[in-house]
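Enquirer: Residue numbers (this note's numbering), protein chains in the order written: chain W, 1 to 83; chain B, 1001 to 1175.
Quick caveat, the hints were computed from the structure, so don't treat them as lab data. Idealized CB from N, CA, C, for every residue including glycine.
Keeping only pairs whose Cα atoms sit at most 25 Å apart, straight-line, the calculated DMTMM-like set for lysine to aspartate or glutamate is:
| hint | chain 1 | residue 1 | chain 2 | residue 2 |
| --- | --- | --- | --- | --- |
| 1 | B | 1107 | W | 10 |
| 2 | B | 1107 | B | 1158 |
| 3 | B | 1107 | B | 1154 |
| 4 | B | 1077 | B | 1064 |
| 5 | B | 1107 | W | 12 |
| 6 | B | 1012 | B | 1154 |
Listing some non-contacts, in silico: residues in chain B with all C-beta distances to chain W over 12 Å:
| hint | residue |
| --- | --- |
| 7 | 1031 |
| 8 | 1069 |
| 9 | 1093 |
| 10 | 1099 |
| 11 | 1120 |
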Amino acid sequence: MRLPCPFCGDRDASEFVYRGDAAPVRPATSEGFYDYVYLRENPAGPMREHWYHAQGCRNWLVVTRDTRTHEVFGAVLARGAAQ
Amino acid sequence: MAEPLQITARGKVALATVMARKGVDAAAIGASLGLTPPTGPLTAQDETMTLIGVGPGAWLAISEYGQAGWAAMLGGKLAGIASVSDQTSGYIVLRVSGEGAGDLLQKGAFIDLDRTAFGVGAAATTVIAHIGVILWKVDDAPTFDVALFRSFADSFRDWIAASAPGLAAPSSPVR
Ligand SMILES: [Zn+2]
Chain W
1 MRLPCPFCGD RDASEFVYRG DAAPVRPATS EGFYDYVYLR ENPAGPMREH WYHAQGCRNW
61 LVVTRDTRTH EVFGAVLARG AAQ
Chain B
1001 MAEPLQITAR GKVALATVMA RKGVDAAAIG ASLGLTPPTG PLTAQDETMT LIGVGPGAWL
1061 AISEYGQAGW AAMLGGKLAG IASVSDQTSG YIVLRVSGEG AGDLLQKGAF IDLDRTAFGV
1121 GAAATTVIAH IGVILWKVDD APTFDVALFR SFADSFRDWI AASAPGLAAP SSPVR
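Isolated chain W (complex conformation):
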């Protein structure tokens, strides 16, 4: 699988570190913290997820990927992506 890094271009998935679903937002208080840490939707289909380009530009990306087919629809820098 190759991921389209917005800075580096298409790169092998081995250059990246996978973090998972990009949807959860860290709560400001302890309220909802358990859900933030542990609960995931685990969708079968397109999903926005965090990948870190550790062996490239060293930036966090939000990649949209189909979890059933590994089809990748695009990637943006996480710093610019709306949660």
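Based on the hints, put chain B with the ligand in the right spot on chain W.
Expert: Chain B with the ligand in isolation, oriented as in the chain W frame:
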């Protein structure tokens, strides 16, 4: 006919990483340096230095005539708009040039180094033989420069020895 393959360590180069502060763009960095840095994986150069794009708002800067204090001087020019870290002792820069230079590097890199995809001035931060590298194309000889952490130089040299059998031995010791 291309020159035979040569692998040399570039000596006497000063290196520094430059990272723009929040909200500072390449044009502002360029105004202070007198050389506008590239905004993609490319190189820009003048007679004093080469800037290599390694990430958004991040560059590797190289001065041909390395001198103590060069990175500090760079940091002074960019005070308040970028963070500058001296990497002169951190990285080694190997020059891979001549016949088969691209083929040799292509054996290790997961990116397309064909001249149509990776021309003069192109740069990439990637991995070769599990070793992180910053590589860029200097000219069409072809000549590539490869920067890697100095402590990996021996491992990288071993990879070259294994990947370029029968090719010319390095013309100067690679340390
Ligand atoms: Zn990248």
